[in-house]
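Novice: Here is how the chains run, residue by residue.
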Amino acid sequence: MQMNKVSWKSLKDNIIYEGFRFPLYVISNPFKAFSDIKYEKKGSVKACTVFMIILMIVTVMRSSYVGTVFLTKDPRYVNIWITMAGVLVQTLLLVVANWSVTVLIDGSGSFKEIFMVAMYAQYPYMWLSGLYIILSHVLSLDEGALLNACLTFGVVCIAFYGFIGLVSVHGFGFFKGIASVLLTVVALAIIVFVILMLVSMSGELVSFLNTLYNEIVLHYF
Amino acid sequence: MRKLIKTSMLLLLTGIMVLLTPLTVLADSSSNYTFGSGAVVYRKAPIAYEVEKVYHARDFEGMDDLSELAGMFVTEDSVFVSTAGAVLVLDYDFNVRHILSDYTDLNGNAAKINGPDGIFVTDDGLIYICEPAQEHILVFDSNYQLIESFGKPEGLDLDNRYQPKRIVVDSLDRMYVIATGVYDGILEINSDNKFQRYFGTTTVSISVMEIFFRAIASEAQLSRQALILPTEYTSMTINDKGFLYTTIQTLGVEDPVRLLNVNGDNIMPENWEGDSPEGDTSYATQGNYAGPSTLSYIDCNEYGMYMILDSKQNRIFTYDSASNMLFVFGGRGDKDGCFLNPVSIRWMGGESNRVIIADRLAHSITVMKPTNYANAIFEAVRLEAEGDRVAAVPYWQQALAMNNNCNVAKDALGRELYWEGDYKGSQELLGEILRNDYYSKAFEKTREGLIRTYAPAAVAILAVLIVALMFLRRRRRLKKGGYNADE
Chain A
1 MQMNKVSWKS LKDNIIYEGF RFPLYVISNP FKAFSDIKYE KKGSVKACTV FMIILMIVTV
61 MRSSYVGTVF LTKDPRYVNI WITMAGVLVQ TLLLVVANWS VTVLIDGSGS FKEIFMVAMY
121 AQYPYMWLSG LYIILSHVLS LDEGALLNAC LTFGVVCIAF YGFIGLVSVH GFGFFKGIAS
181 VLLTVVALAI IVFVILMLVS MSGELVSFLN TLYNEIVLHY F
Chain B
1 MRKLIKTSML LLLTGIMVLL TPLTVLADSS SNYTFGSGAV VYRKAPIAYE VEKVYHARDF
61 EGMDDLSELA GMFVTEDSVF VSTAGAVLVL DYDFNVRHIL SDYTDLNGNA AKINGPDGIF
121 VTDDGLIYIC EPAQEHILVF DSNYQLIESF GKPEGLDLDN RYQPKRIVVD SLDRMYVIAT
181 GVYDGILEIN SDNKFQRYFG TTTVSISVME IFFRAIASEA QLSRQALILP TEYTSMTIND
241 KGFLYTTIQT LGVEDPVRLL NVNGDNIMPE NWEGDSPEGD TSYATQGNYA GPSTLSYIDC
301 NEYGMYMILD SKQNRIFTYD SASNMLFVFG GRGDKDGCFL NPVSIRWMGG ESNRVIIADR
361 LAHSITVMKP TNYANAIFEA VRLEAEGDRV AAVPYWQQAL AMNNNCNVAK DALGRELYWE
421 GDYKGSQELL GEILRNDYYS KAFEKTREGL IRTYAPAAVA ILAVLIVALM FLRRRRRLKK
481 GGYNADE
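For the protein sequence lines, the chains are A and B, in the order given.
Residue numbering for the first sequence follows the numbering used here, starting at 1 and increasing by one per position.
Residue numbering for the second sequence follows the numbering used here, starting at 1 and increasing by one per position.
Keep in mind the hints are simulated off the structure, nothing from the lab.
Hints are not guaranteed to be accurate.
Label pairs and their in silico Cβ distance ranges [what the hints assert, rightly or not]:
hint, chain 1, residue 1, chain 2, residue 2, range
1, B, Val-459, A, Val-45, 45 to 51 Å
2, B, Asp-184, A, Glu-204, 37 to 43 Å
3, B, Lys-44, A, Val-186, 44 to 50 Å
4, B, Asp-184, A, Phe-175, 50 to 56 Å
5, B, Ser-8, A, Met-201, 17 to 23 Å
6, B, Ser-67, A, Thr-72, 29 to 35 Å
Selected chain B positions facing chain A (in silico; Cβ < 10 Å) [to be verified]:
hint, residue
7, Ser-296
8, Arg-447
9, Leu-472
The structure presented is a predicted model; accordingly, all values stated were derived computationally and were not measured.
Positions of the beta carbon are idealized from the N, C-alpha and C atoms, including for glycine.
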C-alpha cells in the first residue's frame, strides 16, 4: 500500500518534470538545455514519443474539431489515419535526412538526440495548436488573424529552437549549422524522389499484374 | 532480423499497391449530381431534365436526313438548325417553317447552302450563317433572300484558310467570329467586313518543368510532342447587355468559361468557394474518357444563367450568374436523354426553359424539359435575378425538400435567414455547406446574443466570488491573528 503510494507520487512528479518542467526549461534556456540533453542525458525519449503522439492527435483535431467558422474541409471526409501518418512521416523524414547528412559532415548528434531536438522544438507549436482549436470556437472570421498569428508563431518557434538544438547537439558553429540545414533539405528531396520513384514503379507493377489478371480471367474463365 | 526487414518491406509494398489502386469518383454518366462542399465529392441529385421528344429527319417534312448537324440558334418564335446542305427553320412546335438550301448569290447565280455551322439571327431578323468550308459568312434577310456575303475580312492576315465557325452580332452590327485555326482570339469585324482586332486574346501558360524538358529534348522527341498553342475558343453567345459568354477547350487553360466585357476582359465571377466554372471538377486521369471536360458549346438566358456542353462525357452543366453549379444532365449513350456526339445546345425562349440538343452522330434533335426540381431552381434564380429574394425563398425550400444536398438552396436560404435575423437557423444551414463568410457573420450575432444574456450573471457571480474570497481570507487572517495574540 505504502509502496503504491510512493510510486504513484514519483510517477506524477516524473510526468510533471518530463512533460512540463524540462520542456519549459528548454524554451527558456535553449542553449543550456540542449547541451544538457547531450552531455548530461537530460530529457527522455519516452516523453518525446508522447509529444509525437500528442502532435499527431492535435493535428487531427485541428482538422476535425476546429470551430465551424474556420472549417475548410468537411471533417467527415478527413482521413485521420492518413493525416496522422503524414505528421509522423514528415517528422521522421526530417530526422532521418538530418541524421544522414550530419553523419557525413562530422556532426556528433545521434539519431535519438536529433529526434529529441525535433520534439522539444515543436513543443510550443503543439500547445499553440491546441490553443488554436479552443480559440477557433470563440473567434469570428474577422478576428482570425489572431489564430494565424498563433500558428505562425509556433512555426517560428520550431525553426528557432530546432536550429539552436541542432547546432548544440552536433557541436556545429553558426555557418556550419546553416550548411547542415541546407544539406538536410537536399537529402530530404533525394529521399522523397526515391520514394516517389518506388511508388510509381510499383504502380506500374500493379497495373501490369492487373492486366495479367484480366487477361487470364477473360481468357480462361 | 533479415526476415523482419523482408516482411516489413513486403507489407510496405502491398500497402503502396493498395493505395495506388485507382479510385473512381465520377457519378454514373446519366444522372444529375451536385458538388459537395469542402471536399470534392459528388452527391447524387434528382434528375433535372427529362426528354420531351427526340426528333429525327422523318419528323420534319421535306428533310431526307439530318446529317452533319452543327450550330443552332433560337429566336423568340423560331429555331434555326444547321444540317449538311440546309438550314432548317422550325417553329416552337417543331413544324417546318422553311428549309433554306437554295438561294441566288449576289451575282444572280443559283447556289446551295453547303456545310453551314454557326448561326446568328439579329433582332431585325437578319440571319447570319457561317460556312467554314466555303470560307464565307452569308447574311439573309427575314424572307430568306441573300443580302450579303462576307468573305475573308479586309486587313486580316492569316497563314491558313479563313474558316468561320461561330458568329455573334452585337447591337452595333459588329460581328464577332470564331474561326478554325485562329489562335489569337475572337475576330472582331465591323459591319462592312473590315477586321478590327482580336478580342479576348488567350494566353498560354508553360510550366517550368515543360521549359526544362523542352530544353533537353532532342529534335525527334520535340517533333513527337504536341505544339504548344494557345487554345481556340470553341463557342460563344451574347447576352442582352452585350457581354460574350465563351468556352475554351480546357487543356491547360485556367478559365475555360469566360464572360468577356466590351474590352475583351474576362469578368466571369468565381463562386463563393473560389471555383471558376469548368464542368467536372474531378475526373479520371486514365482511360478512354480521361481528363477535364471538353467544353464545346455555351448558351445563356436572360437571367444570367448559362449552360455549357461537355463533349467528353456528353453532359450539360448549368450555372447561375454567381457561377454556382445548379444541375447536370445528359450523358454518354444511345438511349433517349443521352447523346453520342452532341454538337450544340440552346435554351428555347419562354417560361418552359426547354433545351434543344443537336446530336451529330445520332442524326437527331432532342428536346428536353425541366423537372419539378429544375423548375424550382429556375424560378428561384429568376426571382433573385429580379431582386426579389424573399419571393425566391419558397422555391429554394422546394428544391431543398427534393434534394437535401442542394448546396445552392442551402446557401440562399441560409443567407436569407441571416438577413431576417434568424442567426441560429442561418448557422445551421451555412455550417453544413461550410460557407464561412456568412456563417461567421451569423456566429458573431449569436455570440453577441450569448454575451448579452450571460455577461451580467457572469459578472455578478464573479463579483460575489471575489467578495467571498476576500471575506474568507480576512477571517483566516483574523483567526491567525487571534492565535498569535494568544501566544
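Novice: With reference to the structure, classify each hint as holding or not holding.
Specialist: Structure-based check of all given hints:
1. Range check, Val-459/B to Val-45/A: Cβ separation about 48 Å, and the 45 to 51 Å hint holds.
2. For the pair Asp-184/B and Glu-204/A, the beta carbons lie near 41 Å from each other, so the given range of 37 to 43 Å is met.
3. Here the CB-CB span from Lys-44/B to Val-186/A is close to 48 Å, well matched to the stated 44 to 50 Å.
4. At about 53 Å, the CB distance of Asp-184/B to Phe-175/A agrees with the hint of 50 to 56 Å.
5. For Ser-8/B paired with Met-201/A, a C-beta distance near 19 Å keeps the hint of 17 to 23 Å intact.
6. A beta carbon spacing of about 51 Å between Ser-67/B and Thr-72/A contradicts the range 29 to 35 Å that was offered as a hint.
7. Given the 10 Å rule on beta carbons, the hint for Ser-296/B is violated: about 31 Å separates it from the nearest Cβ of chain A.
8. Interface restraint check: Arg-447/B against chain A, minimum CB-CB distance 7 Å, threshold 10 Å, status holds.
9. Checking Leu-472/B against chain A by beta carbon gives a least distance of about 28 Å; that is not within 10 Å, so the hint is violated.
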